[in-house]
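There are 2 protein chains.
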Amino acid sequence: MKSAAEQLEVIKRGVVDVVTEQDLAKKLEKGKPLTIKLGIDPTASDIHLGHSVALNKLRQFQDLGHKAVLIMGDYTAMIGDPSGRMSERPPLTREEIMKNVETYKEQALKILDKDRLEIVFNGDWFAEFDFNEVIKMISKFTVARMMEHDYFDKRFKEGAPLSLHEMLYPIMQGYDSVMIKADIELGGTDQRFNVIQGRYLQKESGMEPQAGVFTPILLGLDGKNKMSKSLNNYIGLNDAPEDMFGKVMSITDEMMKDYFELLTDVPAAEIKEMTASMAAGENPVNIKKRLAEEITAKYCGKEKASAAKVHFEGLFAKKEVPYGDNTFKWDDKFSGKDAVAPAELLTVLGMAPSSSEANRIVKQGGFTLNGEKITDFKFLVKKSALPVDFKAGKRKYGRLV
Amino acid sequence: MKSAAEQLEVIKRGVVDVVTEQDLAKKLEKGKPLTIKLGIDPTASDIHLGHSVALNKLRQFQDLGHKAVLIMGDYTAMIGDPSGRMSERPPLTREEIMKNVETYKEQALKILDKDRLEIVFNGDWFAEFDFNEVIKMISKFTVARMMEHDYFDKRFKEGAPLSLHEMLYPIMQGYDSVMIKADIELGGTDQRFNVIQGRYLQKESGMEPQAGVFTPILLGLDGKNKMSKSLNNYIGLNDAPEDMFGKVMSITDEMMKDYFELLTDVPAAEIKEMTASMAAGENPVNIKKRLAEEITAKYCGKEKASAAKVHFEGLFAKKEVPYGDNTFKWDDKFSGKDAVAPAELLTVLGMAPSSSEANRIVKQGGFTLNGEKITDFKFLVKKSALPVDFKAGKRKYGRLV
Numbered sequence: 000m001k002s003a004a005e006q007l008e009v010i011k012r013g014v015v016d017v018v019t020e021q022d023l024a025k026k027l028e029k030g031k032p033l034t035i036k037l038g039i040d041p042t043a044s045d046i047h048l049g050h051s052v053a054l055n056k057l058r059q060f061q062d063l064g065h066k067a068v069l070i071m072g073d074y075t076a077m078i079g080d081p082s083g084r085m086s087e088r089p090p091l092t093r094e095e096i097m098k099n100v101e102t103y104k105e106q107a108l109k110i111l112d113k114d115r116l117e118i119v120f121n122g123d124w125f126a127e128f129d130f131n132e133v134i135k136m137i138s139k140f141t142v143a144r145m146m147e148h149d150y151f152d153k154r155f156k157e158g159a160p161l162s163l164h165e166m167l168y169p170i171m172q173g174y175d176s177v178m179i180k181a182d183i184e185l186g187g188t189d190q191r192f193n194v195i196q197g198r199y200l201q202k203e204s205g206m207e208p209q210a211g212v213f214t215p216i217l218l219g220l221d222g223k224n225k226m227s228k229s230l231n232n233y234i235g236l237n238d239a240p241e242d243m244f245g246k247v248m249s250i251t252d253e254m255m256k257d258y259f260e261l262l263t264d265v266p267a268a269e270i271k272e273m274t275a276s277m278a279a280g281e282n283p284v285n286i287k288k289r290l291a292e293e294i295t296a297k298y299c300g301k302e303k304a305s306a307a308k309v310h311f312e313g314l315f316a317k318k319e320v321p322y323g324d325n326t327f328k329w330d331d332k333f334s335g336k337d338a339v340a341p342a343e344l345l346t347v348l349g350m351a352p353s354s355s356e357a358n359r360i361v362k363q364g365g366f367t368l369n370g371e372k373i374t375d376f377k378f379l380v381k382k383s384a385l386p387v388d389f390k391a392g393k394r395k396y397g398r399l400v
Numbered sequence: 000m001k002s003a004a005e006q007l008e009v010i011k012r013g014v015v016d017v018v019t020e021q022d023l024a025k026k027l028e029k030g031k032p033l034t035i036k037l038g039i040d041p042t043a044s045d046i047h048l049g050h051s052v053a054l055n056k057l058r059q060f061q062d063l064g065h066k067a068v069l070i071m072g073d074y075t076a077m078i079g080d081p082s083g084r085m086s087e088r089p090p091l092t093r094e095e096i097m098k099n100v101e102t103y104k105e106q107a108l109k110i111l112d113k114d115r116l117e118i119v120f121n122g123d124w125f126a127e128f129d130f131n132e133v134i135k136m137i138s139k140f141t142v143a144r145m146m147e148h149d150y151f152d153k154r155f156k157e158g159a160p161l162s163l164h165e166m167l168y169p170i171m172q173g174y175d176s177v178m179i180k181a182d183i184e185l186g187g188t189d190q191r192f193n194v195i196q197g198r199y200l201q202k203e204s205g206m207e208p209q210a211g212v213f214t215p216i217l218l219g220l221d222g223k224n225k226m227s228k229s230l231n232n233y234i235g236l237n238d239a240p241e242d243m244f245g246k247v248m249s250i251t252d253e254m255m256k257d258y259f260e261l262l263t264d265v266p267a268a269e270i271k272e273m274t275a276s277m278a279a280g281e282n283p284v285n286i287k288k289r290l291a292e293e294i295t296a297k298y299c300g301k302e303k304a305s306a307a308k309v310h311f312e313g314l315f316a317k318k319e320v321p322y323g324d325n326t327f328k329w330d331d332k333f334s335g336k337d338a339v340a341p342a343e344l345l346t347v348l349g350m351a352p353s354s355s356e357a358n359r360i361v362k363q364g365g366f367t368l369n370g371e372k373i374t375d376f377k378f379l380v381k382k383s384a385l386p387v388d389f390k391a392g393k394r395k396y397g398r399l400v
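Residue numbers (numbering that gives the first Met the number 0), protein chains in the order written: chain A, 0 to 400; chain B, 0 to 400.
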């Protein structure tokens, strides 16, 4: 086992915050394999690159000789972590959850080392709880303590609905730490509050409190929000190689550094070099291709990543339609019509969320028909001219036949 | 069965508030026996006259032909109703609770008609709850809704501890109404919030919401606070006849009207008459004796009430010691001393709660020794003068031997 100092250096790479560093160091100095906890709520069927940041960190702990415990929050998933969401999520059924658990497991094993991994379900203990035990557990927490959580406080003050059961979530996550006797809990920075409840409950149970290690929140493809399934700005671990590659290519140049650091194993020195050469005038597209290839290779293998790259370059060279799915039949969508305006076309085909947004896209020159930019609102796409290829904004392609 | 209008007249006597009167009238108009709910938390061993106000109202409903359901909150007692308390109550054990249940039952039957009564335990349903059912139940409530409860809001704003589990109390009480399909819930005015949660949960369950009938809060012997065991300002249903009589005699003249109305069956016209004759100059003591006798007779029988009256009058006539228990041995209390000052005497013998209070009693002339008022602080009660009788304030007598 490496020394505590050497381990600390590895652990702290790409980490935003540690609670507390002193506690973390003390645990590492024991020189024994520690129990590292990461919780995942199987609320969707896909793990995406946002989740992979903490999973990568967990893998590092495994490589340092520690034991990873992946908690499948099958029970907490029925509530849904309110952290980072301003509205309540409808609870999932047990069946939906267990289906998600299976796909999650398979995807997490793309990153984690199976040999140093234990997968547990928090339903194993929470399903055994009776009302009395719930009361005992939550009686240790005050409303004031819960309101220290930014999201709770904000929602309460803004009059947005904050259901009582949502307050149970951080407590249950904390209780998981007691049950598995976690030494360290990993999570995004939005997990800070929940991890601290775990420290508190462990202390209450006479244990040494876990240390919290917090990774940054990965921005989604929109460059503004946290990567999330519900915002549809994510790259899934199970995405097809071409999709994965294409999606990475759609991020802004500013996001590249973070993506390199948090999603690839490219050494820090090399990342620094690339940033420098970009500043010196190199075309960012070349470096972005490297990023896309690295990420795609990690989940789909080198061969498929190379093929995805070739595919991507082909699209731009030959102006092929990148998403084969977006082929629509005129008669399905515009039955009885001879011609439609560009904005109507985009709205009906789901390329724009609203007609005002469709108008904006056309006005700003984002709409092209067979490669030609169309900004004239009086222009009509005619049925007699089919088939036509069109593009909306940077990455939405379609074909109307 | 009486008409709805006739029933309403009986029900509304001595009632502060009905939620809603329309709902109540609608239910009575059905002309069928209704289910009337009253919940009691067996958190202490005695029922006192404060509880009897709602119990008397429940008896009226029984006499009108309705079915009374007395809910023993064996499960909710583990939380304790936070209504009306500014601090959290330590939870009771199951054993303590079940012991209280037995004595409660026996005492409640002094007021209620056994034939139209069902006694149920809310542990019958709550003990069967799993965590998931708790989550489902509380997910119907928001933090904002709970904060509409004055006591929650006040405690939260003042920074007094408000534990999460206390918020479950009103929800559980509401759920009781769903389980027994209550048509009407009775309670003191401090139960308003809880009863409204029952209406809400019944509606959510597709039932017609219960009506709430609220009786006034009975003042305790101190004339300031709600009658309560913990403030030791109560008259217990199980008090000895002499104690009951004596305690009623200690209330202020202003409280008599409420006590007549809420605790006796004396007709309204007679109460009015007595109030008038008091205003015209009659000695209130005579009327207070009538009150004390009525109340004592209700719980101990007429014979014992008469004896208690004779006993009480004898005390004042002969200056006997009214509480035989208050006989203390000098050597038990002041071992090694030859003399003690009045304030010390009162404090050590438990006749005053603190030495400042003892000093106040002496200063204001409330301390008498063998019938003589002692206000001199330098005065010493000497061991050589034993036995001595003393009095502290209006009603505390003792003998030192």
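It should be emphasised that the hints constitute simulated quantities derived from the structure, not laboratory data. Careful: at least some of the hints might be erroneous.
Since copy identity is lost for identical chains, a pair holds within one copy or between any two.
[Claimed, not checked] Distance condition first, Cα-Cα at most 20 Å in a straight line; then the derived EDC-like pairs of lysine to aspartate or glutamate:
no. : residue 1 : residue 2
1   : K104      : D149
2   : K393      : D22
3   : K25       : E356
4   : K11       : D123
5   : K104      : D123
6   : K135      : E95
7   : K135      : D123
8   : K135      : E94
These are the hints, each one checked on the structure:
1. K104 - D149: Neither, since 31 Å and 48 Å both go past 20 Å.
2. K393 - D22: neither (47 Å within a copy, 62 Å between copies)
3. K25 - E356: For K25 and E356, neither the intra-copy (55 Å) nor the inter-copy (54 Å) Cα distance is at most 20 Å.
4. K11 - D123: neither (32 Å within a copy, 53 Å between copies)
5. K104 - D123: within (17 Å within a copy, 40 Å between copies)
6. K135 - E95: Answer is between; shortest inter-copy Cα gap is 17 Å, intra-copy 30 Å.
7. K135 - D123: Cα proximity of K135 and D123: in one copy and across copies (18 Å, 19 Å).
8. K135 - E94: Close across copies (17 Å), not inside one copy (29 Å); limit 20 Å.
Checked against the numbered hints given earlier, the structure breaks hints 1, 2, 3, 4 and satisfies all the rest.
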